[in-house]
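Q: According to the numbering used here, the stretch in the sequence shown is residues 1 to 411, in order.
Derived by calculation from the structure, the hints in this document are not laboratory data.
Hints may contain errors.
In silico SDA-like cross-links for lysine to any residue, where the CA-CA straight-line distance does not exceed 25 Å [unchecked claim]:
1) K228 to R245
2) K147 to G119
3) K89 to K147
4) K106 to N122
5) K106 to D77
6) K228 to S286
7) K106 to A130
8) K169 to R84
9) K231 to G292
10) K106 to R84
11) K148 to L125
12) K203 to F225
13) K106 to E43
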Amino acid sequence: MLYRIIYLGLFLLFFVQKGITQELAYQGNPDTSFFVARDLAFEGNHSVARDTLRLILSRYPDYTDVRNLLAKTYSWDGNHNEARKHFNKITSVERQNKEVWIAAVKNEIYAENYSIALGLANKALIFMEADPDLQIMHDEIINEIHKKQNASQKSTEKELKETEAKSYKNRLGIVNSLDVFDVVYDPMIYSGVEYIRETEIGKIIPRINFSNRFNTNGLQYEMDFYPKISKTFYAYTNYGYSNSRIFPNHRAGAELYANLPKALEVSAGIRYLDFVTSQAIIYTGSVGLYKGNYYFSLRPYITPRTDGPIGFSGSLLARKYFQDRENYFGINLIMGYSPEIKQLISDSDIILAETLLFVESQQLLFEYQFTGNSLTNSYRASLGITRQELVFDPGEFFLALSAGFRYHTKF
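Build the full structure now, drawing on both the sequences and the hints.
A: Spelled out as structure tokens, the structure:
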């Protein structure tokens with residue numbers, strides 16, 4: 001019986017003491033307590049300030065300034081989720097409180113939740129339309145999102161390039177093409193095998209070309225080298241040799257490329273072709289522009305000669321890239337004759353390149369390149385049509401249909 005009396009007495013004493021403590025805790029002026037808590041918060045004593053702010057809210061839950069300051073202290077300390085809860089309680093009731101909207105948006109920016117921050121800014125502008133401060137914040141968030149997206153894309157592209165550079169420094173390629181003519185000429189076959197090696201100083205490409213033209217087989221041996229000069233400049237060099245009459249005995253080329261701002265690339269170079277009885281020097285260059293997923297390139301060819309007018313030809317290339325640089329669709333328009341690969345024949349004698357440089361010709365070529373499931377294999381198909389003047393009958397033209405296929409594998 002005595003134990004029950006003592007237990008009951010302690011129980012009543014506990015509740016009386018708790019009630020007295022609570023009554024004492026909520027006494028006083030809430031505004032004065034808020035100012036004290038605000039000073040503590042601004043001095044960096046966030047935890048102490050929160051104790052006071054929570055006590056005020058336990059009795060005055062609708063005191064907006066108190067809850068707003070409490071949310072800010074959570075945000076300043078990095079507890080963005082807790083801050084969000086208190087900001088949401090205010091904005092769900094007080095739609096026109098600009099200070100709270102701005103604080104709520106900043107909380108999401110601090111947390112790098114830019115999509116949520118943009119959503120809050122849009123919502124705030126619904127209730128406070130055309131508010132200049134909210135509009136500026138809204139625009140800054142959009143700019144930040146774009147920066148993050150661009151940085152992420154560049155980082156991803158860089159990682160892919162680095163991975164590709166580390167994983168695949170070698171490529172082996174096979175090229176085949178066929179030209180079929182509507183008059184005079186038999187079909188022409190062109191094939192080639194090339195090996196591409198990525199090195200620290202640049203790309204090296206040895207190549208063997210085979211061709212069958214005019215019932216004559218021929219081989220040509222080539223080497224391309226793309227030396228890296230700097231972040232802005234790189235170059236192209238080439239040398240080829242053949243003892244076949246359907247190829248130049250010697251061919252050489254050099255070109256300097258420069259990567260300029262605004263995704264612009266320019267180049268200037270020279271080509272030299274040496275046949276048995278004649279030589280040809282060709283001056284060339286290019287202007288390339290990357291625009292989004294598109295690439296455009298203009299390349300002229302200028303060939304001087306001593307016994308006639310200067311020869312002009314050129315090509316205009318347009319490509320649309322898909323998921324990466326290995327997948328694209330392209331269109332190439334070529335005006336004038338390019339002597340770097342093809343030669344024709346007249347009266348059983350091969351017409352030299354310098355003669356064909358002045359033959360009227362137009363070609364339209366379509367190309368499509370894609371990668372396999374493993375991404376280590378790439379395939380390119382091409383189809384073109386050519387209209388060209390007959391060398392032995394000026395003013396008369398023939399048509400040629402060209403089809404080609406290229407395969408590359410990385411390892």
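Q: Each hint: holds or not?
A: How the hints compare with the structure:
1. K228 to R245: Violated: K228 and R245 sit about 35 Å apart, past 25 Å.
2. K147 to G119: holds (18 Å)
3. K89 to K147: violated (32 Å)
4. K106 to N122: holds (14 Å)
5. K106 to D77: holds (13 Å)
6. K228 to S286: Holds, because 18 Å separates the two Cα atoms, which is no more than 25 Å.
7. K106 to A130: Within the cut-off at roughly 19 Å; holds.
8. K169 to R84: With Cα atoms ~51 Å apart, K169 and R84 exceed 25 Å; violated.
9. K231 to G292: holds (21 Å)
10. K106 to R84: holds (10 Å)
11. K148 to L125: holds (24 Å)
12. K203 to F225: holds (6 Å)
13. K106 to E43: holds (20 Å)
The structure shown violates the earlier hints numbered 1, 3, 8.
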